[in-house]
Amino acid sequence: MLAHNGVVDRAVLPAGPAAESVCDSAILAATIFAHGLDALGDTIVKVGAADPNARLNILAANGSRLIATTWGDTLSILRRADGVVLASEPYDDDSGWGDVPDRHLVEVTQKGVTLTALDRAKGPR
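Residue numbers (full-length UniProt numbering): 1 to 125.
No wet-lab data here; the hints were simulated from the structure.
Do not take every clue at face value.
List time: in silico DMTMM-like cross-link candidates among lysine to aspartate or glutamate, alpha-carbon distance up to 25 angstroms [claimed, not checked]:
1. K46 with E107
2. K111 with D94
3. K46 with D24
4. K46 with D9
5. K111 with D99
6. K111 with D38
7. K111 with D82
Simulated restraints, written as ranges between beta carbons of each label pair [said to hold, decoys possible]:
8. D93 with A26: 29 to 39 angstroms
9. S21 with N62: 16 to 26 angstroms
10. P52 with A15: 16 to 26 angstroms
11. A81 with A15: 42 to 52 angstroms
12. R10 with V84: 29 to 39 angstroms
13. A15 with S95: 40 to 50 angstroms
14. G83 with A117: 19 to 29 angstroms
15. S64 with A87: 13 to 23 angstroms
Even glycine gets a Cβ: it sits at the ideal position worked out from N, Cα and C.
Whole structure, please, built from the sequences with the hints as guidance.
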């Protein structure tokens, strides 16, 4: 599963037959899948450097791993005993909600939650 909350200039994304449509999110998803989810952070940094106005909040899951990026839009996290919730904004008044800092990668596995700053300096190479 992959979801994109945001916008990106299609002109900075590689053209390719893998996208299911010409909308920015479909082309971005095809780009992410082409590079693999392990490279999600690097892919987002490169796209964000190519389009300074991009908003690139991505959420991807495969059943045992949840990864997300925050780039230009809000992302909130709720850590509970029975799991972790990631959402654009808190959906209730639970005091456990926290903000994920902008330009970060979040990874949720059975081992826990990791937040990693996305290095803007990497940019396109």
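Results for each hint:
1. K46 with E107: Since the Cα atoms of K46 and E107 sit roughly 19 angstroms apart, the hinted pair holds (cutoff 25 angstroms).
2. K111 with D94: Roughly 23 angstroms between the alpha carbons, so the hint for K111 and D94 holds.
3. K46 with D24: 15 angstroms, holds
4. K46 with D9: Roughly 13 angstroms between the alpha carbons, so the hint for K46 and D9 holds.
5. K111 with D99: Holds, at about 21 angstroms.
6. K111 with D38: Satisfied, since the Cα-Cα distance of roughly 17 angstroms is no more than 25 angstroms.
7. K111 with D82: Given that 25 angstroms is the threshold and the Cα spacing comes to 13 angstroms, the pair holds.
8. D93 with A26: 29 to 39 angstroms: Distance hint for D93, A26 holds at roughly 35 angstroms.
9. S21 with N62: 16 to 26 angstroms: 23 angstroms Cβ-Cβ, so the 16 to 26 angstroms window holds.
10. P52 with A15: 16 to 26 angstroms: About 21 angstroms separates the Cβ atoms of P52 and A15, which means 16 to 26 angstroms holds.
11. A81 with A15: 42 to 52 angstroms: 46 angstroms, holds
12. R10 with V84: 29 to 39 angstroms: 32 angstroms, holds
13. A15 with S95: 40 to 50 angstroms: 47 angstroms, holds
14. G83 with A117: 19 to 29 angstroms: Given a distance of about 24 angstroms, which is inside 19 to 29 angstroms, the answer is holds.
15. S64 with A87: 13 to 23 angstroms: Once the Cβ atoms are compared, 20 angstroms apart, the range 13 to 23 angstroms for A87 and S64 holds.
Comparing the model with each numbered hint stated earlier shows that all of them hold.
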